[in-house]
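There are 2 protein chains.
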Amino acid sequence: MNLPSDLFEVSTPALVLELPRLRANAAFMAARAASLGVKMRPHMKTAKSADVARLATEGFGGITVSTLAEARYFLEHGFADVTYAVGLAPCRIREARELVRAGCRLKVLIDSPEVARLIADDDTPLDVLIEIDCGDARGGVTPDSPELLEVAKALQGKGARLAGVLTHAGQSYACGSVEEIADVAEQEKAAAVHAAERLRTGGYPVDTVSVGSTPTATHARDLTGVTEMRPGVYMFGDLDQLGLGSMPGERIAVTVLASVIGVYPDRLIVDAGGLALSKDTSAQRHNPAAGYGLVQNIRGETLPGASVVTANQEHGIIRFASSENLRGFKIGDRVRIVPNHICMTAAAHPGYHVVDGGVEVTARWGRIHGWEQW
Amino acid sequence: MNLPSDLFEVSTPALVLELPRLRANAAFMAARAASLGVKMRPHMKTAKSADVARLATEGFGGITVSTLAEARYFLEHGFADVTYAVGLAPCRIREARELVRAGCRLKVLIDSPEVARLIADDDTPLDVLIEIDCGDARGGVTPDSPELLEVAKALQGKGARLAGVLTHAGQSYACGSVEEIADVAEQEKAAAVHAAERLRTGGYPVDTVSVGSTPTATHARDLTGVTEMRPGVYMFGDLDQLGLGSMPGERIAVTVLASVIGVYPDRLIVDAGGLALSKDTSAQRHNPAAGYGLVQNIRGETLPGASVVTANQEHGIIRFASSENLRGFKIGDRVRIVPNHICMTAAAHPGYHVVDGGVEVTARWGRIHGWEQW
Numbered sequence: 027m028n029l030p031s032d033l034f035e036v037s038t039p040a041l042v043l044e045l046p047r048l049r050a051n052a053a054f055m056a057a058r059a060a061s062l063g064v065k066m067r068p069h070m071k072t073a074k075s076a077d078v079a080r081l082a083t084e085g086f087g088g089i090t091v092s093t094l095a096e097a098r099y100f101l102e103h104g105f106a107d108v109t110y111a112v113g114l115a116p117c118r119i120r121e122a123r124e125l126v127r128a129g130c131r132l133k134v135l136i137d138s139p140e141v142a143r144l145i146a147d148d149d150t151p152l153d154v155l156i157e158i159d160c161g162d163a164r165g166g167v168t169p170d171s172p173e174l175l176e177v178a179k180a181l182q183g184k185g186a187r188l189a190g191v192l193t194h195a196g197q198s199y200a201c202g203s204v205e206e207i208a209d210v211a212e213q214e215k216a217a218a219v220h221a222a223e224r225l226r227t228g229g230y231p232v233d234t235v236s237v238g239s240t241p242t243a244t245h246a247r248d249l250t251g252v253t254e255m256r257p258g259v260y261m262f263g264d265l266d267q268l269g270l271g272s273m274p275g276e277r278i279a280v281t282v283l284a285s286v287i288g289v290y291p292d293r294l295i296v297d298a299g300g301l302a303l304s305k306d307t308s309a310q311r312h313n314p315a316a317g318y319g320l321v322q323n324i325r326g327e328t329l330p331g332a333s334v335v336t337a338n339q340e341h342g343i344i345r346f347a348s349s350e351n352l353r354g355f356k357i358g359d360r361v362r363i364v365p366n367h368i369c370m371t372a373a374a375h376p377g378y379h380v381v382d383g384g385v386e387v388t389a390r391w392g393r394i395h396g397w398e399q400w
Numbered sequence: 027m028n029l030p031s032d033l034f035e036v037s038t039p040a041l042v043l044e045l046p047r048l049r050a051n052a053a054f055m056a057a058r059a060a061s062l063g064v065k066m067r068p069h070m071k072t073a074k075s076a077d078v079a080r081l082a083t084e085g086f087g088g089i090t091v092s093t094l095a096e097a098r099y100f101l102e103h104g105f106a107d108v109t110y111a112v113g114l115a116p117c118r119i120r121e122a123r124e125l126v127r128a129g130c131r132l133k134v135l136i137d138s139p140e141v142a143r144l145i146a147d148d149d150t151p152l153d154v155l156i157e158i159d160c161g162d163a164r165g166g167v168t169p170d171s172p173e174l175l176e177v178a179k180a181l182q183g184k185g186a187r188l189a190g191v192l193t194h195a196g197q198s199y200a201c202g203s204v205e206e207i208a209d210v211a212e213q214e215k216a217a218a219v220h221a222a223e224r225l226r227t228g229g230y231p232v233d234t235v236s237v238g239s240t241p242t243a244t245h246a247r248d249l250t251g252v253t254e255m256r257p258g259v260y261m262f263g264d265l266d267q268l269g270l271g272s273m274p275g276e277r278i279a280v281t282v283l284a285s286v287i288g289v290y291p292d293r294l295i296v297d298a299g300g301l302a303l304s305k306d307t308s309a310q311r312h313n314p315a316a317g318y319g320l321v322q323n324i325r326g327e328t329l330p331g332a333s334v335v336t337a338n339q340e341h342g343i344i345r346f347a348s349s350e351n352l353r354g355f356k357i358g359d360r361v362r363i364v365p366n367h368i369c370m371t372a373a374a375h376p377g378y379h380v381v382d383g384g385v386e387v388t389a390r391w392g393r394i395h396g397w398e399q400w
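Top to bottom, those sequences are chains A and B.
Residue 27 is where the first sequence starts when you use the working numbering, and the numbers rise one by one after that.
Residue 27 is where the second sequence starts when you use the working numbering, and the numbers rise one by one after that.
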């Protein structure tokens, strides 16, 4: 396909990426990392794009990924320093070692002596981080637990090298204020640093002390003892991050372009539904009127009181607080929808139509999709 | 990739399709159509797979699609009789005509005189259905409205051929009983038949009178005057269809295979999260304990009281009504998750691992994904 000249030519539904906003978000978080004295290892689970990664890693280098398919894609695009930040399933150990043999400086994540032993019992060394539970109650061992040292001990073997500890304060997403998020960032830091100290005291070397979520990276007061942070969604932002206080609305960088396919007295129908937007409704916690997304015109200007109230597979139904504001719309018009949770929304699309302050499309940037490639 | 020999070898997360259940669902709906005296035009928006379509269309021929990408894919796989059942955006008229020139016997859907005129004003004839609103308040003109005849009139031109009317009783998804669904099926039929009669009285030929949703197709009492029905999700089923009374649980044919990546005293973590399952929670209307899916062992046997209570991007957190039932699980074990809404869930995956009554994988069937191919 040729590059569409502008957003009027793009086949809908499609993602639109505003380059100046992405640059502002990348600069903001780079400055945060610098002022906190830690390295950035941006999480590419949101963008899944080498073009975005090049921009987000200017001045750093390493990245974080959420699948080994991402690790492979980014290695092919020149990113060799990769942390896979999801607990390693035993069935993926072989695939992880293949990536190492292909040149990837991969770190994997575990939290059990069983998987530690499976890894250690091999000839090709694999760098391993121990996952710490800092209060999120997802994966990880708690920093005070005997299991922490048991995992480190089980990693002794020529197939494993203990690289450090990693934690993720997912509980930051449940916070009601920026102060609460800063408190959670303290817990995140304290858990990771305490686990690292216990390991060092036990005689184990710990180079990496990794923390991060976009809310805690944005609001942490101090990261003494931490070596790196791994936020991801900050690159694009979304209504959930807006509600959490991670960024102002003017920095939300990715929207879904849609065509109006029906105009009725009380509603518009657009060709972006549950697949193009996702069924994620996380932003409704902050703003009950968020629906499946807020609505902008094609130039990115907010349409007051408009949201996607229903998302069927290929149909989005837009209602306005006042139906007066529906006047003037006609079939074929285009709108942009600001999603609840861009990590989920972006996953349905092959990539981004990049704009640079207007409606002209200056580039198309691809994404990696899914898990195993068939 | 080689075909994995069995479900223990499949890279997770992945879709598992139980062939005997798919056959049973296809036979059930074929028998429904036969007893109601209408043709089947199964909707491929759920399965998006030529292999599934071949099985679901045995004895019929025509299919329904939700995107022009599907229309193109199915044409390439030998399905030329295709109805595109989403209101046609003006920007897609050219693409629709390209499909017709490539041999597709395509019918498109409109509900406005504006789009009718755009279509009629061309040299390549396009078959057009008029969308009728039978109470769903999504797209369509109401059967009694003056707009119905205005659209038909605006289609007079060498670029268009009026093929008939089409409606979809999406309101069937809000029903609380099978009786209510049967009543909605009456409304669906009445709206389509009445619109067809008004058009015929106005001098317009109407060959196709098309209705359908899985709930109404399952429970309609009578379809006199209707020519075809277009259910889709019945092929696979899901927890939402189970709750609506469209099928028994033993006929749900597609689940998500996942690996256990963490075992804790109160929960399991699996490698199927919000992307692999979708964030759709529709089944919670019927069963608040449905979470993001109910849980089976690798052989498809239900694990009592187990559901996915949290779905992060690549993490699913499974809790059991009694933590006693967690005993015996270890990292690397495999489970199958019965999704809320398979149309959303399947969209994240490249295709299906087909099993035929056991855990041996007998085939891999691909799917078409997304909208525009980059």
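Worth double-checking, as some hints may not be accurate.
Identical copies go unnamed one by one, so any copy, or any two together, can satisfy a pair.
Listed below are the simulated DSS-like cross-link pairs for lysine-lysine, each with C-alpha atoms no more than 30 Å apart in a straight line [as the list claims (entries may be wrong)]:
#, residue 1, residue 2
1, K356, K184
2, K179, K356
3, K65, K356
In short, the hints are calculated from the structure, not lab data.
Now the hints, each set against the structure:
1. When the C-alpha separation of K356 and K184 is checked against a cutoff of 30 Å, the pair qualifies only between copies, where the shortest distance is 24 Å, while the shortest distance within a copy is 67 Å.
2. Proximity of K179 and K356 under a CA criterion of 30 Å is satisfied inter-copy only: 20 Å between copies versus 67 Å inside one chain copy.
3. In this assembly of identical chains, K65 and K356 lie within 30 Å of each other by CA distance neither inside one copy nor across copies; the values are 50 Å within and 35 Å between.
Violated hints amount to a single one, hint 3; each of the other numbered hints is respected by the structure.
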